[in-house]
Amino acid sequence: MSDTRRQSPSRPVRIDGRIEPGTFLEKRSYRRRRLTDGLRLLPVLGLWVFMVPVFWPEGSDGDGAGAVSMSGALVYIFAAWCGLIAVCGLLVRAQKRGEDKALSVEPTDIGAQ
Amino acid sequence: MAALNMLVIACCVYVAVLFVVAFAAERAAAQGRARWLRHPLIYTLSLSIYCTAWTFYGAVGYAARSGMEYVTIYLGPSLIMIGWWWCLRKLVRIGRTQRVTSIADLISARFGKSNTLAICVTLVAVIGITPYIALQLQSVTLSLSVFAEAEGRTGFDTGASTFWIAFGLALFTLLFGTRKLNANERQHGIVIAIAVEALVKLIALIAVGIFVVWGLGGGVAQTMARIDASEIGTWQMDRSRWVTLTFLAAAAFLCLPRMFQVLVVENDNDRQLAIAAWCFPLYLMLMSLFVVPIAVMGLGLLPGTNPDLYVLTLPLTQGQEQLAVLAFLGGFSSATAMVIVATLALSTMVSNHIVMPVWLSLNGEGATVSGDVRDVAILSRRLSVGLIIGLGYLYYRLSGGSGALAAMGLISFAGVAQFLPAVIGGIFWRGATQIGALAGLAFGFAVWMWALLLPSIGPNGILPVSVLDMGPWGFTWLRPQALFGIEGLDPMVHAVWWSLSLNTAAFIAVSLLSFPRPLERLQGAQIVNVFEHSGAAQSWSASAAESEDLLIMAQRILGPEDARSLFRTEANLQGQGGRLPDATAEFLQRLERELAASVGAATAHAMISQIAGGPGISVQELLAVADESAQILEYSSQLEAKSTELSQTAAQLQQANTKLTQLSIQKDAFLSQISHELRTPMTSIRAFSEILRDTDGLKPAEKTRYGSIIHDEAVRLTRLLDDLLDLSVLENGQVTLNLQRGGLDSVLDRAMQAVLPLGDNEFKVIRDRAAEDIALDTDLDRLTQVFINLIANARKYCTSTDPQLTVRIVQDFGSTHVDFIDNGVGIRVEDQAVMFEKFSRLGDSDGTGAGLGLAICFEIMERLGGSINYLSDTDGTAFRVTLPKTNAVAAQ
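Respectively, the protein sequence lines represent chains A and B. Counting from 1, one number per residue, gives the positions in the first sequence under the working numbering. Counting from 1, one number per residue, gives the positions in the second sequence under the working numbering.
No incorrect hints appear here.
So the derived label-pair ranges between C-beta atoms look like this: (1) A/Trp48 to B/Val358: 46 to 54 Å; (2) A/Glu99 to B/Trp164: 47 to 55 Å; (3) A/Phe55 to B/Gln638: 53 to 61 Å; (4) A/Phe55 to B/Gly219: 29 to 37 Å; (5) B/Pro518 to A/Phe55: 46 to 54 Å; (6) A/Leu41 to B/Ile486: 33 to 41 Å; (7) B/Ala651 to A/Leu41: 53 to 61 Å; (8) B/Gln222 to A/Phe55: 29 to 37 Å; (9) A/Phe55 to B/Val358: 52 to 60 Å; (10) A/Arg40 to B/Ala30: 35 to 43 Å; (11) B/Asn269 to A/Arg40: 19 to 27 Å; (12) A/Glu99 to B/Trp36: 21 to 29 Å.
No wet-lab data here; the hints were simulated from the structure. If you're wondering where the values come from, they're calculated on a predicted model, not measured in any experiment. Ideal placement from N, C-alpha and C gives every residue a C-beta, glycine not left out.
Here chain A stands alone, though its shape is the one from the complex (with noise of 0.2 Å):
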């Protein structure tokens, strides 16, 4: 797949002939990678915010004084949820309109990031 990048032509070709990435990319091709980036990023911060409920105050002991309610955990949860569905879909279209443009696709899984 190395082969079908497109890349500017003055970077240096490697013994084994791929292509040296070279130390910037053009604006494009840089969203994209920031997008996929973006994408990789995004099941931390689910589990960071999936996580915080660790933290809550209990209910348990005494007469739940304090104690996060029900009603509110129910509405964190699925806003969270809802948020994270809607910035995945939303990444995910704007990294398929990407590949769109660019004709041909841009493997980032290897070479520069």
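Given chain A, work out where chain B should sit, using these hints.
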């Protein structure tokens, strides 16, 4: 009575509709109109088999018992889907390139196509899924009993109805899923049926939710207030369970055989995954949205009843029978979809990794015997379906059908999560080895069995209470629910923690200490670096395989038509027309992939290697194992250069060898000629001398005649030996030239005198004396010898009635040519090529010459620095002697 009958009718209609949909989808796929079947949304909906009856009924019960904890089961998979770029994208790509048929196949393929590992994974999967199947049986039975109670029936036989449900599910699965052999062919019918079921259960659950929130609860705000006022109204959470269960659900989502089937095996392209990455979390979110309101409403309205059934009992007790039937169908959908896909995935594993290898080795006939094994494969799949559902039924009976649905599901999750280290380690870490994976799996499985599965069957089911309390044989640190003396943990957290820790630790430690086989390393490189080189897995040494054997074997597995069309396509690719394709390495690889789609990687590999011998590992592939650094690439180019050099040397050696062989043949021919030539005169000499010796009373005239014959033969023999000697001296370059000065005319004169005695008028010689006045500086005696030979030949072989020889002098470009042209018939074209060879007597000549004359002439002219050749463009026989240049001779 009406309700139960309505239910049975509704179920039958529903199943019939599913069949019609599945059948239509298969037909559409067969006619190539299946583009919409690969739509990402269909893919997303097919993933919904994650939501089984456990979700449908159990989540509400879970929420009623433990508050928000149920949501972890859906948060884990949501995170995995949202993080598809990390793991699923790679899994799916590997699944496509390696044509993986199941999770056992993936693990086996990654660790060197090991069948041992595949068998272990299959066994763990079968045992791990058993509680899950029991859960589905239990949920359908419970939902039926609700309707039975609702209409006031007493004596509803749960045992019998569970049996019939199990039987029905098995039948359903057999009809749906085991008609096709190739597990890797997308099962369009099943996928579309599952997608329909996904919609049914979503709609049913949301319908019940809407009824509860707006119909019973009086709106969102009131429902929220009711939730806060209920017994689960504040946040209560076992923190370790929250974390553990989220992780466990994520792990199970990746490792459950049925999820692997729809996620990886049925996947068609990356686009499906990208869309499902946000659509599937959305589906999960919608499925869990109304769980808490339903649970709270159930707790409030129906205290003391089984909370697992609130989804059914709420509408039923509130007089919404149609909604209850819809809910029942939703639950029925959840259970059937799960059982179909799970048992199909498992039966593929059992058949490919256990039954087929055993059957093939038991039959002991090898891979090349003809006869269809597809029947065996399909039969074994059908039996496996029965076996797996039977095990689920057995577990249900043993556990008494009393456990909470959620607890049973979690036991399964923890069981299949034991694959996680092998899968994740396998696709990201090249150092993972087969023995490591086996060790990890063994540890994890043992701990899971001991700490979770056996205690779950009940206090006195298999493990006696004393073992639970005191440990086996008094080893308290081995107590199933307090391993290593750590007490007070939640049993689930405890089991997951210890099983996965020990599993991962053993996997890593043993991998670090062991050394992988070459095939493992190759597969490791292929799978870990699937995005870089998703090409050939490993190549076969093609020479050993016979195309006929391969065809026979392929026919047994793929069926005659598919196999033939595969071979035809390959033959066309190779440009072989109607013949069988050559067993090239690429073809063997393609064939192995095709076979793997039917019988799994390990079996396919074993079958091919039976025919093709061991897989040849090329230098290039070994380098792929070790690549990563320019050092290796450098080394590779050096190797390449060396290999080119070697092949050049080999070619030179071959040429030299050919030459030597030719020389040896020539030498043999020469020797046999020589002996023949010597023998002929010797025979007559011997014969006539014997006559002279033994015959008395010979007349003097006869004596003279015989004596002269002997003499003539002796002379001929001497001449022959002289010629041979001459030739060998000339050929070896040992000749010493006797350089003299003289005129060409005198040389010709001497030659004429030697051949043509005075007064011979029959043979006319035409000369141009004026042109012959050329000074020569060469070995005149040798030159004379050449001329004598040519003139003597002309005289001897010219067949004309009026024979004549023209000696012509031609000068061009500083060279002097002497042409000897007679008026005979000339030399045949085929003889012209060999006339200067030793012993080449031309045509049907009389046999007096030894055939050495022209060879000697040729050698002499070479030595003198001139040449002799035949002029083929004249009438008659014509030789051209090119005289050596004078200065060239002087230089010698």
